[in-house]
Amino acid sequence: EAAVTQSPRNKVAVTGGKVTLSCNQTNNHNNMYWYRQDTGHGLRLIHYSYGAGSTEKGDIPDGYKASRPSQENFSLILELATPSQTSVYFCASGEGSNSDYTFGSGTRLLVI
Amino acid sequence: QQQVRQSSQSLTVWEGETAILNCSYENSAFDYFPWYQQFPGEGPALLIAIRSVSDKKEDGRFTIFFNKREKNLSLHIKDSQPGDSATYFCAASPGTGGYKVVFGSGTRLLVSP
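One line per chain: the protein sequences are A and B, in this order.
Okay, so the first sequence: first residue is 42 according to my numbering, each after it adds one.
Okay, so the second sequence: first residue is 3 according to my numbering, each after it adds one.
Hints listed in this document are in silico derivations from the structure and should not be mistaken for laboratory results.
Watch out, some of these pointers could steer you wrong.
Said to hold, decoys possible - With a straight-line Cα cutoff of 30 Å, these simulated DSSO-like cross-link-like pairs (lysine-lysine) come out:
| no. | chain 1 | residue 1 | chain 2 | residue 2 |
| --- | --- | --- | --- | --- |
| 1 | A | K106 | A | K59 |
| 2 | B | K102 | B | K73 |
| 3 | A | K98 | B | K102 |
| 4 | B | K73 | B | K58 |
| 5 | B | K59 | B | K80 |
| 6 | A | K98 | A | K52 |
| 7 | B | K59 | B | K73 |
| 8 | B | K102 | B | K70 |
| 9 | B | K80 | B | K70 |
| 10 | B | K102 | A | K59 |
| 11 | A | K98 | B | K73 |
| 12 | B | K102 | A | K52 |
| 13 | B | K59 | B | K70 |
| 14 | B | K102 | A | K106 |
| 15 | B | K58 | B | K80 |
Chain B on its own, in the form it takes in the complex:
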């Protein structure tokens, strides 16, 4: 049973477009939703995160839209650049007890110039 599901294994967009990566979850106790970015040969790195009390979190070109009622969220990457090509992991946790972070299976994003 996959508690955090990322709907696309891969996504290709053109440079300058907005990439939208979708994620859904099952556990209503999840309270904190970080997104991690991973480049080939490296470990994942925290990109942006949102708490369930918010419906939107913005950081530069990256925005999370969160829908608590529908138990889904999405990561929007505005004006996508080739350097954004990476694997993006949606994750979720109850917000306390760091060990309970659950990761989705990841979406590999390719931004074509």
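So here's chain A without its partners, still in its complex pose:
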């Protein structure tokens, strides 16, 4: 069954530390996305990718980097984590003009 898998499910990080969130998809979709979800803001796009080797900035990229080493994998990197990056992060994959996404189950990140 096609799926989007995120790891870890939960993460506690210290301020100033490096955090890497991982995402793997078996949908064979070209496009992958990273969102963060905060109360009152809905889903906000951080970075996205059109395929292996490509990364693009979304609406709120500051403080985040992304890496797409393969069709299946897309990582979100916080080089210097800050408490304001405490949130729930969702990875999604999608294809074509319908813009129908398949989301992972999320990673809950707490930066202390």
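Position chain B against the provided structure of chain A, taking the given hints into account.
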């Protein structure tokens, strides 16, 4: 500036009632409007979607009513069940270029038995 706006942060209905979730948008270029359903602890999942050439899309108990002139749409959940309690996101995109999907802030629906 919020391109896709959901008028209610939360909504409570009784079991068996019709829940109506409203959404409006600003960008006339938006052509495709999916609704996503999210249960606690899970990621959003596509529920139903409509293209701007249609004014209604029905799938079981879920119906989207779309008004292109007024730039608004609504999701009707007929015969609401407690299992429908979830957060519903209205989204919009130009229909090409999947990255341009814009999500509303979500409406949390509670269906009371």
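So, going through the hints one by one against the coordinates:
1. A/K106 to A/K59: holds, 11 Å
2. B/K102 to B/K73: holds, 18 Å
3. A/K98 to B/K102: holds, 12 Å
4. B/K73 to B/K58: Roughly 14 Å between the alpha carbons, so the hint for B/K73 and B/K58 holds.
5. B/K59 to B/K80: holds, 13 Å
6. A/K98 to A/K52: holds, 24 Å
7. B/K59 to B/K73: holds, 16 Å
8. B/K102 to B/K70: holds, 19 Å
9. B/K80 to B/K70: Satisfied, since the Cα-Cα distance of roughly 23 Å is no more than 30 Å.
10. B/K102 to A/K59: holds, 29 Å
11. A/K98 to B/K73: Holds. A/K98 to B/K73 sits at ~28 Å (cutoff 30 Å).
12. B/K102 to A/K52: Holds: B/K102 and A/K52 sit about 29 Å apart, inside 30 Å.
13. B/K59 to B/K70: Between B/K59 and B/K70 the Cα gap is close to 14 Å, so the pair holds against 30 Å.
14. B/K102 to A/K106: Holds. B/K102 to A/K106 sits at ~19 Å (cutoff 30 Å).
15. B/K58 to B/K80: holds, 14 Å
Hint compliance for this structure: no hint is broken.
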